[in-house]
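Just so you know, the protein sequences line up as chains Y and W, in that order. Under this note's numbering, the first residue of the first sequence carries the number 653, and numbering increases by one thereafter. Under this note's numbering, the first residue of the second sequence carries the number 6, and numbering increases by one thereafter.
Please keep in mind that the hints were generated in silico from the structure rather than gathered at the bench. Treat each hint with caution, since some may be false.
To be verified - Label-pair ranges, simulated between beta-carbon atoms:
1) W:Val-123 / Y:Glu-747: 18 to 26 Å
2) Y:Gly-716 / W:Gln-26: 43 to 51 Å
3) W:Ala-67 / Y:His-661: 54 to 62 Å
4) Y:Gly-778 / W:Trp-104: 40 to 48 Å
5) Y:Ala-660 / W:Val-123: 39 to 47 Å
6) W:Ile-120 / Y:Leu-698: 21 to 29 Å
Said to hold, decoys possible - Partial list, derived from the structure: chain Y residues whose beta carbon lies under 7 Å from chain W:
7) Leu-700
8) Gly-702
9) Tyr-708
10) Ser-732
11) His-745
12) Ile-751
13) Gly-764
14) Ala-771
15) Arg-774
The structure displayed is predicted, hence computed values, not measured ones. By construction, the Cβ of each residue, glycine as well, lies at the ideal position given by its N, Cα and C atoms.
These are the residues of each chain, in order.
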Amino acid sequence: MEMRTPLAHARGLGPAKSGCTSHWWAQRLTSMALLPLMLWFVVSVLSLVGADHGDYVLWVSDPGNTLLLVLTVVTIFYHSEQGLHVVVEDYVHSEVGKITALIAVKAFAYLGGIASLLAIFRVAFGS
Amino acid sequence: MTSEKSTTGAAKARPLSPHLQVYNPQITSVLSILHRMMGVALSFGSVFLIYWLSSAAYGPDAYGRAQDFFGSPIGQLILLGLTFSLFYHLANGIRHLIWDVGLGFDMPMLRATGIVVVFTAFGLTALTWIVAYVRAGII
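Bound conformation, chain Y alone:
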């Protein structure tokens, strides 16, 4: 006879296989952070329409802009990884495919995030 309760039986059978409240909460936090950051980013890019390299260097070198751009980039790649992670869990059903896709998603987020940060620092702090 089955001694486990229906809840105990169902736990861990979702696509993520484990508790997700911290992931869910972090996704909400990064989304809230991105609201002002992305609006700032759009306004900044608009201010750089037609700007040459020298204008861009001046803009990135401003300490406030460096800070906000770094925050924006980090939060973008964090939030993007969290979103793609859930999409992969929901739609990729084969275990091998899912793990491969999750590794690819994480690798892209770290690669893209760190490449962006290095590019910002290189310009902001001079090379």
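Starting from the known structure of chain Y, fit chain W onto it as the hints suggest.
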């Protein structure tokens, strides 16, 4: 696939997500699917953010080539798509945050906020591109 077995011992072929094709499209479901699609599109679009920031690190020539690319018809089309995706995902994201505190679930409110999101996305996209074109001296 779950490990649940039927009485005969064979694994049951239960339907797996996404169950998109079994429903008629409604504003609630269509906007929800769009939210994910725009989020995925923005993630792919981050490649262009990496390219833009990296080009500046390589110097004036590379930055100029990036500017030329983003100013070309295909570059502008990509940026237009990303602009709309961003504003749609941002506006609908606010809608999600309001749901997360337990508000706005009745059907009239769901429809109303959905329509607000769509108009906000189109409006902010248009505003952004008008400002961009004015600054570029095109209009």
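**Asked** Does the interface hint hold: is Tyr-708 (chain Y) within less than 7 Å of chain W, judged Cβ to Cβ?
**Response** Status holds, d = 5 Å.
**Message:** Does the closest beta carbon of chain W sit nearer than 7 Å to the beta carbon of Arg-774 (chain Y)?
**Reply:** Holds: closest Cβ of chain W sits about 4 Å from Arg-774 (chain Y), inside 7 Å.
**Asked** Going by Cβ atoms only, is Ala-771 (chain Y) closer than 7 Å to chain W?
**Response** With Cβ-Cβ at 4 Å, under 7 Å, it holds.
**Request:** Have a go at the Ile-751 (chain Y) hint: is there a Cβ in chain W nearer than 7 Å to its own Cβ?
**Result:** 15 Å, violated
**Request:** May I ask you to test the interface hint for Ser-732 (chain Y) with respect to chain W, counting a Cβ-Cβ separation under 7 Å as satisfied?
**Result:** 4 Å, holds
**Prompt:** Should the hint that Gly-778 (chain Y) and Trp-104 (chain W) are 40 to 48 Å apart at their CB atoms be regarded as holding?
**Reply:** Since the Cβ atoms of Gly-778 (chain Y) and Trp-104 (chain W) sit about 46 Å apart, the hinted range of 40 to 48 Å holds.
**Item:** Hint check for Gln-26 (chain W) and Gly-716 (chain Y) - Cβ pair distance inside 43 to 51 Å
**Value:** 49 Å, holds
**Prompt:** Does the Cβ pair Ile-120 (chain W), Leu-698 (chain Y) satisfy 21 to 29 Å?
**Reply:** 27 Å, holds
**Asked** Taking 54 to 62 Å as the hint, is the beta-carbon distance of Ala-67 (chain W) and His-661 (chain Y) inside that range?
**Response** 58 Å, holds
**Request:** Given the range 39 to 47 Å, decide if the beta-carbon distance of Ala-660 (chain Y) to Val-123 (chain W) lies inside it.
**Result:** 43 Å, holds
**Prompt:** Holds or violated: is there a CB of chain W closer than 7 Å to the CB of His-745 (chain Y)?
**Reply:** OK, holds: His-745 (chain Y) within 7 Å of chain W, min 6 Å.
**Item:** Interface hint status, Gly-764 (chain Y) versus chain W (Cβ within 7 Å)
**Value:** 5 Å, holds
Of the numbered hints given earlier, the model fails hints 1, 7 and 12; all others are met.
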